[in-house]
Structure formats: C-alpha cells, structure tokens
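S.K.: Residue numbers (the numbering used here), protein chains in the order written: chain A, 1 to 296; chain B, 1 to 348; chain C, 1 to 316.
Fair warning: there could be bad hints in the mix.
[Claimed, not checked] Think about it this way: if two alpha-carbon atoms lie no more than 20 angstroms apart in a straight line, the pair counts; the simulated EDC-like pairs of lysine to aspartate or glutamate are: (1) 235/C with 123/B; (2) 231/C with 82/B; (3) 94/B with 82/B.
[To be verified] With the C-beta cut set under 8 angstroms, the calculated list includes, among others, these residues of chain B facing chain C: (4) 69; (5) 91; (6) 95; (7) 113; (8) 117; (9) 135; (10) 155; (11) 163; (12) 293; (13) 315; (14) 318; (15) 320.
These aren't lab readings, by the way, just hints derived from the structure by calculation.
Glycine included, each C-beta is placed from N, C-alpha and C at the ideal position.
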Amino acid sequence: MTATIEAQRAPEAPLPGGRRRSRTARMLLAERRTRVVLAVLIALVLVALIGPLLTPYGTNEQDLLGRLQPPSSEHWLGTDSFGRDILTLVFAGTRLSLFAGCLAVATAVLLGVPAGLLAGYRGGAFGVVSNTVSDTLLSLPPLILALAIVGAYGGGVVPAMLAVGVTLAPRFYRVSRGVAQSVSKNSFIESARSIGCTTGRILGRHVFPNVVAPILVQFSFSFGLAIIAEASLSFLGLGAEPPAVSLGTMARDAFTHIREAAFPIFPPCILIALIVFLFSSLGDGLRDAVVSGGRR
Amino acid sequence: MTAETQERAVVGAAVLMRVRDLSVGYRRPHGWVPILDSVSFTVRAGEVVGLVGESGSGKTVSSLAAMGQLPRPLQVSGGAIEFEGRDLLAMDPKQVRKLRGVEVSMIFQDALRCLNPAYTIGDQIAEPLRVHKGMSRAQAHERAVELLELVEIPRARERARAYPHQLSGGMCQRVMIAIALACSPKLLIADEPTTALDVTVQKQILRLLTRIQNEMDLGILFITHDLGVVAEICDRTAVMYAGQIVEEGPTEELFRRPRHPYTHGLISSVPRIGHEDRRFGSIPGSVPKAGHWPTGCHFRTRCPYPQAGRCDDRPITLEVVDAGGPSRPVPHRVRCARSDELTLEGVT
Amino acid sequence: MIRFIAWRVGGMLPIALLVTLVSFLLLELVPGDPARVVAGDLATPEQIEETRAKLGLDQNVVVRYLTYLGDILSGSFGESISLQPGRGAMELILDALPVTLSLTVVSLVIAVIVAVPLGVAAALRRGTWVDQVLTGFTSVSMALPPFVTGPLLVTVLAVAYSLFPAVGYQPLSEGFAVWMSYLFLPALAISFNSIAEIGRQIRGSLIDVMDQSYIRTANAKGLSATRVVGKHALKNAAIPAVTVLGLQVTRVIGGTVVVEIIFAMPGIGALAVNSVFAGDFPVVQALVLFSAFAVLGTNLIVDLTYGYFDPRLRKG
Numbered sequence: 001m002t003a004t005i006e007a008q009r010a011p012e013a014p015l016p017g018g019r020r021r022s023r024t025a026r027m028l029l030a031e032r033r034t035r036v037v038l039a040v041l042i043a044l045v046l047v048a049l050i051g052p053l054l055t056p057y058g059t060n061e062q063d064l065l066g067r068l069q070p071p072s073s074e075h076w077l078g079t080d081s082f083g084r085d086i087l088t089l090v091f092a093g094t095r096l097s098l099f100a101g102c103l104a105v106a107t108a109v110l111l112g113v114p115a116g117l118l119a120g121y122r123g124g125a126f127g128v129v130s131n132t133v134s135d136t137l138l139s140l141p142p143l144i145l146a147l148a149i150v151g152a153y154g155g156g157v158v159p160a161m162l163a164v165g166v167t168l169a170p171r172f173y174r175v176s177r178g179v180a181q182s183v184s185k186n187s188f189i190e191s192a193r194s195i196g197c198t199t200g201r202i203l204g205r206h207v208f209p210n211v212v213a214p215i216l217v218q219f220s221f222s223f224g225l226a227i228i229a230e231a232s233l234s235f236l237g238l239g240a241e242p243p244a245v246s247l248g249t250m251a252r253d254a255f256t257h258i259r260e261a262a263f264p265i266f267p268p269c270i271l272i273a274l275i276v277f278l279f280s281s282l283g284d285g286l287r288d289a290v291v292s293g294g295r296r
Numbered sequence: 001m002t003a004e005t006q007e008r009a010v011v012g013a014a015v016l017m018r019v020r021d022l023s024v025g026y027r028r029p030h031g032w033v034p035i036l037d038s039v040s041f042t043v044r045a046g047e048v049v050g051l052v053g054e055s056g057s058g059k060t061v062s063s064l065a066a067m068g069q070l071p072r073p074l075q076v077s078g079g080a081i082e083f084e085g086r087d088l089l090a091m092d093p094k095q096v097r098k099l100r101g102v103e104v105s106m107i108f109q110d111a112l113r114c115l116n117p118a119y120t121i122g123d124q125i126a127e128p129l130r131v132h133k134g135m136s137r138a139q140a141h142e143r144a145v146e147l148l149e150l151v152e153i154p155r156a157r158e159r160a161r162a163y164p165h166q167l168s169g170g171m172c173q174r175v176m177i178a179i180a181l182a183c184s185p186k187l188l189i190a191d192e193p194t195t196a197l198d199v200t201v202q203k204q205i206l207r208l209l210t211r212i213q214n215e216m217d218l219g220i221l222f223i224t225h226d227l228g229v230v231a232e233i234c235d236r237t238a239v240m241y242a243g244q245i246v247e248e249g250p251t252e253e254l255f256r257r258p259r260h261p262y263t264h265g266l267i268s269s270v271p272r273i274g275h276e277d278r279r280f281g282s283i284p285g286s287v288p289k290a291g292h293w294p295t296g297c298h299f300r301t302r303c304p305y306p307q308a309g310r311c312d313d314r315p316i317t318l319e320v321v322d323a324g325g326p327s328r329p330v331p332h333r334v335r336c337a338r339s340d341e342l343t344l345e346g347v348t
Numbered sequence: 001m002i003r004f005i006a007w008r009v010g011g012m013l014p015i016a017l018l019v020t021l022v023s024f025l026l027l028e029l030v031p032g033d034p035a036r037v038v039a040g041d042l043a044t045p046e047q048i049e050e051t052r053a054k055l056g057l058d059q060n061v062v063v064r065y066l067t068y069l070g071d072i073l074s075g076s077f078g079e080s081i082s083l084q085p086g087r088g089a090m091e092l093i094l095d096a097l098p099v100t101l102s103l104t105v106v107s108l109v110i111a112v113i114v115a116v117p118l119g120v121a122a123a124l125r126r127g128t129w130v131d132q133v134l135t136g137f138t139s140v141s142m143a144l145p146p147f148v149t150g151p152l153l154v155t156v157l158a159v160a161y162s163l164f165p166a167v168g169y170q171p172l173s174e175g176f177a178v179w180m181s182y183l184f185l186p187a188l189a190i191s192f193n194s195i196a197e198i199g200r201q202i203r204g205s206l207i208d209v210m211d212q213s214y215i216r217t218a219n220a221k222g223l224s225a226t227r228v229v230g231k232h233a234l235k236n237a238a239i240p241a242v243t244v245l246g247l248q249v250t251r252v253i254g255g256t257v258v259v260e261i262i263f264a265m266p267g268i269g270a271l272a273v274n275s276v277f278a279g280d281f282p283v284v285q286a287l288v289l290f291s292a293f294a295v296l297g298t299n300l301i302v303d304l305t306y307g308y309f310d311p312r313l314r315k316g
C-alpha cells in the first residue's frame, strides 16, 4: 500500500507510564502558537454552548415576512429563507457541527486505537487481518462510504457521523500501531511481561501514554475532516435533518436561494473554514511539538 | 611529491589560487562568531598543497570559501581570494559560478552521497560538459566514457549506465574525480576524499590522483586530517588549528623539523612501523569551538610549552623561520611566540 | 516490471475482496425489510415477494454474498431499479465517468501548476516573509473544503460577475475552450485543499533535499541555481510529493460529490447522491466498488512511478 507521509518518529525514548504523562502535556503546549489556537477554540466552544442565552431569538422562530433580510441592527447577520435569525442559527449550527465532529472522531478513536495498539504490540495474524481491514477502509473515499451508509440506513447526523468515524479509524490505527511497534521493542516492556503483567495492563499503562501525543495530533486533523464531512452531508441533504440546524444545512439553504440573497452563504462558510483552520493549526502545532520532542 | 614537481616549484610555476588573510564568520544575536582568522595559502600549478587539521579547524570552510560556496550564514569578513590574479570576492557571483567546475573543481568526502541517486553516473559526468562546453548529448557521453577510463573504472561504457547506489565507495570517488576533471580544470580542491575509504582503496585513489596530476599539471589543494596521506603526496603543507594556519612549509621539512607544538603533537601521534617502541603521543583536550578561542595563541590551552606573558596576551603572527634557498625555494612559516626557543622532535 | 505489477495486484486482492464484502453488507444495513423498500410504498404483498425473490433476498447471507461475488466476477454489477430501471448499474457509472474524470484531472493539474512553484519558492526562501506568506496561504487553503469554495466561487465569479457559467458541463468534443469554461470553477473549488497539501509536501521535501551532499556537488560543478533545483533537487523531492498527489485522488473523489451537485454536473458524485435519494441500491453498491477500485488503481500507478523517480527502488 502506498506509504503514509506522516512519518511517525519517536524522537524521545519512550518512557514507562507515569513519568510520561506530565512531560507530554508540557511538551505539547510548549509553543505559543499552540496555546493561542487552543484558547481560541475553547472560547469558540464556550460561546457556542452558551449561545441560546446570547440571542433573543429561538432557532426555529420563523418570520416568513422577513425572509432573507440583509444584516441589520435587529438581525446582526440577517435572516435565512425562513426568516430565522442567522446569528442564532450560527450558534446552534456550531454546536451541532462540533458535536458531530466529536461523535465521528470518538468512533474513529475507539475503533482504531485499541486495534492499532494490539496489532503493533502483538503483530501476528491479528495484525495482518487488521492491516487489511484498515487498508480497505482507506481505499473507500469517505464521502462515498458515508453516502452509501446513510442511503441504506437512513439519514440523520448520528448514522452519518458513525460512518465518517469508520472511515477515519485507519488513521488512528496506523498511528497507534506504529508507536506500539517501536515502544514494544524496549526493555521495560520485556520486564513488565516477565513479572506477569497482562497484555491489557502493559498496553494500558506503558504503551498507551507514549501514544497519546501522536493521537492528539491525528485527533486535531481528523476533527477538521469530520466537520467538513458532516457539513458536506448536511449540505447535500443527507446529514442533519430538520428541525436540527447545522452549518451544512445553513449553507444548503443559503445556496438554494443564492440568487435572491447572496449574503447568507457567508456566515456558515466562513465559520466552517474558521473551525477547520483552528483544528488544522492545532494539529500542526501539536505535531511540531511531538517531532521536536519539546526541544526548541 | 616527485622530482618533477620540485623542479617546477623551483622554476616558479603560475600561481593558481592565492588566499590572503581570509577571515570568515557569521552573525549571531549576541555578536560575531569567527570561523577563520586571517588564513593565507597559495596553490601553484603542478603542486599538491596539503591543508591539515582536526575537525573544527576550519579546513573545509577555507575550501568552500575559495570556491565561493560558503553556506548561508557564513560570510567573508576580510581578506582576499584570488584565482589567477582575479579577485573572487569582488567578482559577480555569476562570474564565480562560471569558474566552478571549469577552472576550479572540488571533490568531497563520502562520494556515494555526493552523487545524485536519481541519475546515471554517465549523465552526471556528461553534465558539466554539456552545460559548460556546449557538447551535444552524444559527444558528452562519449567523453564521459573516456573520463571513466581515465579514472581506471573497468568496463567503462557499461558502467556509465549504472546508478551511484550500484557502485562501491572507491568507485564513486573515482566517478567524482571524473566529474571534477571533465572540463580540464587547472585547480582541484580535494576535501578529505579518502577519509571514508578503507586503506587499500585509499592508496589506489591517491595513486590515481598523483598520476592525473602529473599528466594534467594540475594544482591540488588536498584537505585532510590524515598525516600519512599528507606525507605521501603533498609537496607543501599548511597546518590549521582553530581557524588559523599555525605552520606551513615543505612537507618533508614539517615532518623532519616541526616548529609548532601542534604540528609536533600531530606528527607524534602517527604510529610508524619499525618504531613500535616509541610512545604514542596524543594531544590532551579538544579543539576550542569557534568563537571560544583563547586570547593570544589559540593553541595555548593544549600546548605543552605555554609561557605567560608571551603566549596569552596578544595575537600571534605567522612568521618566516626559514626562507629556504635556491634548492628549496618554499619558505617555512610558523605562528608561535616561542618558535625560536623550542626544539621539537620530528620524524624522518 | 510485469512481475512487480502482478505482485502488487496480488497484494491488493484481499482488500478488493473486503471491499466487495463492505459493498454487499450495505444492503444489510437497510432497516426493516429491504424488499419492501426496494419495491416501493405502493407495492402489493405479491410484488414485494416478487422483488424479494428477484433480489435473492430469500436466501441466507452467505449464499447471497457468494452470489453477489460471483456476479461481480462475471462482470454483472446489478441493474438500476429506480433511476433508470433496467439499465446496468455499471453502465450508468460509465456514462457519468467522463465528467468526473475531466473534473479530477483538471483539478489535479491546477493543483500541481500552483503548488509546485509555491512549494519551491517557500523552500528556497525558507524563513523569509515569502515563506511565511506562502505557508500561511496553504494553512488557510487546507481549511477551504470544496463545499465552501464552491458556493463562494459561484457567488462571486458566476452570479455576480458572470465570468463563468454557473452550472452544467460540456464534453471535450464541443471544443477545448467550452469544455474548460464549464470545468474551471468546479475544478478550482476542489483544488484548494490539494494545493495546500502538495505545496506543503514539496516545501518540506525540497528543504530536506537541498541539505543533501549531492546538491553541494551540483553547485561545485558550477551549475545555475535553476538547474540545481530544477534538475537535481526536484527529481529527488518528487517521491513524497507524488505520494501526496496520489492521496489527493481519494480526496478529490469525495470533493466531486459536493461540487457536482453545486455546479449541476452529471458526474459520478451526482450519481451517488441521486441514487441515494432514489433508493437505487444496486447503483450505490456499484459506486462503492467502483470508487474503491479507482483508488486502488491509482495507488498502484503511484507505486509504479516511484521506480522512475528513485532508481534505488527498482527491482533488480
């Protein structure tokens, strides 16, 4: 299979469990850029969460006489084709998009990481089989698979995001496997085994903490991809279903009425781009931190 | 080091490269870091000049500067580099580039890595011919095969289609030499070309270089830390330490009667067959890093004969200790405050 | 060479097999009674049973899978049941293929034309403001998925200024300029992400390559900077870039889904969406198979090009 570009180098010697944790946190946050991006993201999440308190309108308050209004003092971002306040919808949409992203990435992590750790540590038949499964998933374009699953099972954010999660799992699988393989060569693993530690304990206590950092990097990048996937699916009408509002459904609505009003397309698009940009930057910052091992 | 070359030196062959008081360094936030301090040397047609020193002494930087190939942060802060009378530092970089590969060529250590893995060795030898001499593809390729034969690579025509990774280290170095000689340069700078090779291959390469040098009347600047190699092929040698030339003169003279404690230390540390009873000298300590040179003599912290008041307060200059004579027209210079007092043991 | 291809294809067989399994299992996901879903809301119980028998749904899973596999191996990929009833699913895909192929190719070409100079400039001027601007641009580009760039491009260039047609597609047979005018905006929309990834990769690997000893040799030969970078450096920096280019195919296929809908182009992406809405399962299944095989095929081609770029990788 074609090789991954993300070279998984382990620049620092892997350490046994406990000592790893605090070092990792400090190392990852060493760069200022990372801290800034993280702060902005957290702010974004908070704003989205407390959104309903900030605006006087409900997400489904329609005002059919005042549809597609440009921004004004009453509606800071104008209204959509149902007359709903776009600013309110932005908060709701961001919430849903973030939730969708979490769902997809959580699925990917739960599927990919344990399998990857085990495959890297043990290898053998399990390794071969899971490699094949992973490669198979990688050959399926995420959107096509998500479409197919949604088409078969039915729409809605949840099945769509589970499907996206499945397509993202191979990334986590590969990262975990790579790190597990290199960590397993170390002597402290040997000693753990010789005193009778079970595989689970070894993986959990000793291998996993070394994997955390690269996984967090993947997490950031994958989150961006998941958000894009959810938005695309909703844009096509196959993701979030009314009355749920996501940034994708907002874009769909705006695009359908593009010739009547041009403005509504901008808020959801800009917001998606912003969120993805933040997660990408976070991923970059974390990756730089991992690669340089915290050394400046 | 043959009678022929000695004779040419007597007659006063053309000076190919003259480096005068060259200083190089780079700028850091907290100041200027010097790498070379007033380095001077000359290479004439037909002679092999050795530049010896440990790693960190500045030998490679000197040669890169001579080619106008100083890597980015490094800058020339003083002095002159002249090739056949022309000041390279005053020239347009494009003009300097025109000299490279045509009048002055360079070969490096670890030849395998110095060859592009994506192209055949024939292509890589032909390239300077096509670019600088305007040869057609076929002509250049033909000449490339001739050059491969010149550097004694068997089955040259077949081998021209090989890729670098298919050749041994010694062969790669021969290919490098072929590339360097493609446009018949006047001066060849060889930066540790035999260091990564094993002893028998080393000897072959040195023999090859000597033969070619005689045939083409090439001037060679041979950079190395290996005194055995120096003894073998260099007519004249300059010894570098911590960014300065500390001694220079005819090679034979340097070995027979070294005038600088560092040179003496280097020579003593070379094992010699037949003298197993001699103690193996070595110089304690290590070369001070650029920018952390001791005041006064750079060597004084490792020297067995320092004298307070003379070796540590002011910069020591390079002085002639033996101007030579009609049979030995090459002066012997030393940078040592105590050179007239010390008697150092040499080897024969 | 043939042996290499055969070996790689052989390695892909288990994956191909699993792909057929995935595509087969899709139908299992359908909640409720698939026969009823396929037959439609107005079907009578007899019609539903007919459909069930026709789809082979009355047999157990293993038999059904093996039948499915057998069909595929003999070249039969099912028939469309709702979009264009009676026509072979693969036929519909092949009809739509030229559109998507054009889109993919033009998009990748745009990406390479923009990304290579960008990556090279950023690498050669590493650390300067040029590098920072270009790297910033790629960072932002990464965050512009087709479904953001598409509507924005349409709004600005097609609706507001009418520079390009907003919808539709004309085949190459209608003339290059016409073909390109319909393709340019959608291809551009997809290419932003690819520009970012390819540009970054080229920058990274060029920086690594420029530090190599053979570049010093090339300079010592007195070659011009253009030649050193263009001939010596780029060939060696190409491999990771080609890998990234290969990975773009998967991404672009996903991108075409959204873009074809936005620009109303009758390509494979649009077919995918339409067949999902129409409940045309055989077509959906065939699409999954097709896109997976397209990706696998592209990977194979990418692997083959490695041998060109790095002679060390050639067998024997």
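S.K.: Would the stated hint for residue 163/B survive a check requiring a Cβ distance to chain C of less than 8 angstroms?
M.R.: Interface hint status for residue 163/B: holds (4 angstroms vs cutoff 8 angstroms).
S.K.: Against chain C, with CB atoms and a cut of 8 angstroms, does the hint on residue 135/B hold up?
M.R.: Violated: closest Cβ of chain C sits about 14 angstroms from residue 135/B, beyond 8 angstroms.
S.K.: Can residue 155/B be said to touch chain C, with a Cβ gap under 8 angstroms?
M.R.: violated (19 angstroms)
S.K.: For the pair supplied as a hint, residue 235/C and residue 123/B, confirm whether the alpha-carbon distance does not exceed 20 angstroms.
M.R.: It holds: about 14 angstroms lies between the C-alpha atoms, which stays within 20 angstroms.
S.K.: Does residue 69/B pass the interface check with chain C, least Cβ-Cβ distance below 8 angstroms?
M.R.: Interface hint status for residue 69/B: holds (6 angstroms vs cutoff 8 angstroms).
S.K.: Classify the hint on residue 318/B as holds or violated, based on whether any CB of chain C lies nearer than 8 angstroms to its CB.
M.R.: At 29 angstroms from the nearest chain C Cβ, residue 318/B fails the 8 angstroms test, so the hint is violated.
S.K.: Would you settle whether the hint for residue 320/B is holds or violated, based on the nearest Cβ-Cβ distance to chain C being less than 8 angstroms?
M.R.: violated (34 angstroms)
S.K.: Are the Cα positions of residue 94/B and residue 82/B separated by 20 angstroms at most?
M.R.: holds (16 angstroms)
S.K.: Holds or violated: is the Cβ of residue 315/B closer than 8 angstroms to a Cβ in chain C?
M.R.: violated (33 angstroms)
S.K.: Quick check on residue 113/B please, does its C-beta sit within 8 angstroms of some C-beta on chain C?
M.R.: Since chain C brings a Cβ to about 4 angstroms from residue 113/B, closer than 8 angstroms, the hint holds.
S.K.: Between residue 231/C and residue 82/B, does the CA-CA distance stay at or below 20 angstroms?
M.R.: Violated, at roughly 31 angstroms.
S.K.: With chain C as the partner, please determine if residue 117/B meets the hint condition of a C-beta pair closer than 8 angstroms.
M.R.: With Cβ-Cβ at 6 angstroms, under 8 angstroms, it holds.
The structure fails to meet hints 2, 5, 6, 9, 10, 12, 13, 14, 15 from the earlier list, while all remaining hints are met.
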